[in-house]
Amino acid sequence: SAVISQKPSRDICQRGTSLTIQCQVDSQVTMMFWYRQQPGQSLTLIATANQGSEATYESGFVIDKFPISRPNLTFSTLTVSNMSPEDSSIYLCSVDQFFGPGTRLTVL
Amino acid sequence: GENVEQHPSTLSVQEGDSAVIKCTYSDSASNYFPWYKQELGKRPQLIIDIRSNVGEKKDQRIAVTLNKTAKHFSLHITETQPEDSAVYFCAATYTGRRALTFGSGTRLQVQP
Numbered sequence: 004s005a006v007i008s009q010k011p012s013r014d015i016c017q018r019g020t021s022l023t024i025q026c027q028v029d030s031q032v033t034m035m036f037w038y039r040q041q042p043g044q045s046l047t048l049i050a051t052a053n054q055g056s057e058a059t060y061e062s063g064f065v066i067d068k069f070p071i072s073r074p075n076l077t078f079s080t081l082t083v084s085n086m087s088p089e090d091s092s093i094y095l096c097s098v099d100q101f102f103g104p105g106t107r108l109t110v111l
Numbered sequence: 428g429e430n431v432e433q434h435p436s437t438l439s440v441q442e443g444d445s446a447v448i449k450c451t452y453s454d455s456a457s458n459y460f461p462w463y464k465q466e467l468g469k470r471p472q473l474i475i476d477i478r479s480n481v482g483e484k485k486d487q488r489i490a491v492t493l494n495k496t497a498k499h500f501s502l503h504i505t506e507t508q509p510e511d512s513a514v515y516f517c518a519a520t521y522t523g524r525r526a527l528t529f530g531s532g533t534r535l536q537v538q539p
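Chain order of the listed sequences is R and S. For the first sequence, the numbering used here begins at 4 and goes up steadily by one. For the second sequence, the numbering used here begins at 428 and goes up steadily by one.
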C-alpha cells in the first residue's frame, strides 16, 4: 500500500484566515481524495483530485471554500479558506482505501 | 448517490464475547466494502474488505459477510479483546468511483 504523509499534523488558526494542507504519496497515483471528519463524526468526502484536471467536489463543498491543487501524480494540497469555527475538523488525504495521518484543525 | 447506514452506534461486550456490526447500502452498483478501525487520535485503519463476487471473508478473529441481494454487509469479531475497543466504520464504493461513502460508525467497548 502507498505511504501517505500530510503536513501540518495539526494547527490552530484564527477566524477568517486560510490554511493549506499538503499531502504527499510515495508512488504515482491517478486519484487522490480529501475527506473531512468533524468531531465525533464519520468521514465525508470533500473532493476527488485528479492530476491535470479540476477537482470534483461533492455536494455541499465548493471550490471557493476548499480549493485543491494537484500539480503532479504524488502530491496534492487542500486549502481551507476564510475559516470559521465550524471548519474545526480533521482533514484526511486518501489514496484508494488508505488514509494519511490527518490534519487536526482548530479554528478560534 | 450511495447511502450507507450502520448499526449499532455503540456496542459494549465482555472480553471473549463476539461483536457484530451491520451496514446496509443503497447503490446496487457498489462492489467494494472495506471496514476500518479508528483509535482515538489516529487515522482510520483498514482491517478487512470484501468485494461483491465473494460472500464471506475471514482474517483470524475478524470476518465480513456480504448479502448482495439484501444490500447489507456485516463485520464479525470473535474472542474480543480490550485492544479491539475503538470506533469501527464500514464503507462502500464501486469500480470507477473509488471514493468511499462511510457509515456513521460504531463505538465498540470491550470490557475486561
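Check before you lean on any hint, since a few could be wrong.
Here are the simulated lysine to any residue pairs, SDA-like style, with alpha carbons at most 20 Å apart [stated by the list, open to error]:
hint, chain 1, residue 1, chain 2, residue 2
1, S, 464, R, 101
2, S, 469, R, 104
3, S, 449, S, 489
4, S, 469, R, 31
5, S, 464, S, 523
6, S, 469, S, 537
7, S, 464, R, 109
8, R, 10, S, 489
9, S, 469, R, 65
10, S, 469, R, 33
11, S, 469, R, 109
12, S, 469, R, 47
Pairwise CB distance ranges, derived in the manner of DEER restraints [what the hints assert, rightly or not]:
hint, chain 1, residue 1, chain 2, residue 2, range
13, R, 19, S, 443, 45 to 55 Å
14, S, 494, R, 21, 37 to 47 Å
15, R, 104, S, 508, 34 to 44 Å
16, S, 469, R, 47, 11 to 21 Å
17, S, 498, R, 12, 29 to 39 Å
18, R, 54, S, 443, 22 to 32 Å
19, S, 506, R, 67, 17 to 27 Å
Just so you know, the hints here were simulated from the structure itself, not pulled from any lab data. Here a beta-carbon is modelled for each residue, glycine too, at the ideal position from N, C-alpha and C.
- prompt: CA of residue 469 of chain S to CA of residue 65 of chain R, is that 20 Å or under?
  reply: Given pair residue 469 of chain S, residue 65 of chain R is violated - Cα atoms ~27 Å apart, limit 20 Å.
query: Has the given pair, residue 469 of chain S with residue 537 of chain S, been kept, meaning a C-alpha gap of at most 20 Å?
result: OK: residue 469 of chain S and residue 537 of chain S at ~19 Å, within 20 Å.
field: 20 Å Cα cutoff - pair residue 469 of chain S, residue 33 of chain R
entry: violated (25 Å)
query: residue 464 of chain S and residue 101 of chain R: Cα distance at most 20 Å?
result: Cα-Cα ~12 Å, so holds.
- prompt: Is the distance from the Cβ of residue 104 of chain R to the Cβ of residue 508 of chain S consistent with 34 to 44 Å?
  reply: violated (25 Å)
message: Checking one constraint from the list: CA of residue 464 of chain S to CA of residue 109 of chain R, max 20 Å. Satisfied?
response: Violated - the C-alpha atoms of residue 109 of chain R and residue 464 of chain S are around 24 Å apart, more than 20 Å.
field: Cβ separation of residue 494 of chain S and residue 21 of chain R, checked against the hinted range 37 to 47 Å
entry: Distance hint for residue 494 of chain S, residue 21 of chain R holds at roughly 46 Å.
query: Does the Cβ-Cβ separation between residue 19 of chain R and residue 443 of chain S fall within 45 to 55 Å?
result: The hinted range 45 to 55 Å holds for residue 19 of chain R and residue 443 of chain S, with Cβ atoms some 53 Å apart.
Hinted pair residue 469 of chain S and residue 47 of chain R, Cα distance within 20 Å: holds (16 Å)
field: Pair hint outcome, residue 469 of chain S versus residue 104 of chain R [Cα-Cα no greater than 20 Å]
entry: holds (7 Å)
message: Hint check: residue 10 of chain R vs residue 489 of chain S, CA-CA at most 20 Å. Holds or violated?
response: violated (33 Å)
task: Confirm or reject the claim that residue 498 of chain S and residue 12 of chain R have a C-beta distance inside 29 to 39 Å.
output: holds (38 Å)
Checked against the numbered hints above, the structure violates hints 4, 5, 7, 8, 9, 10, 15, 18, 19; every other hint is satisfied.
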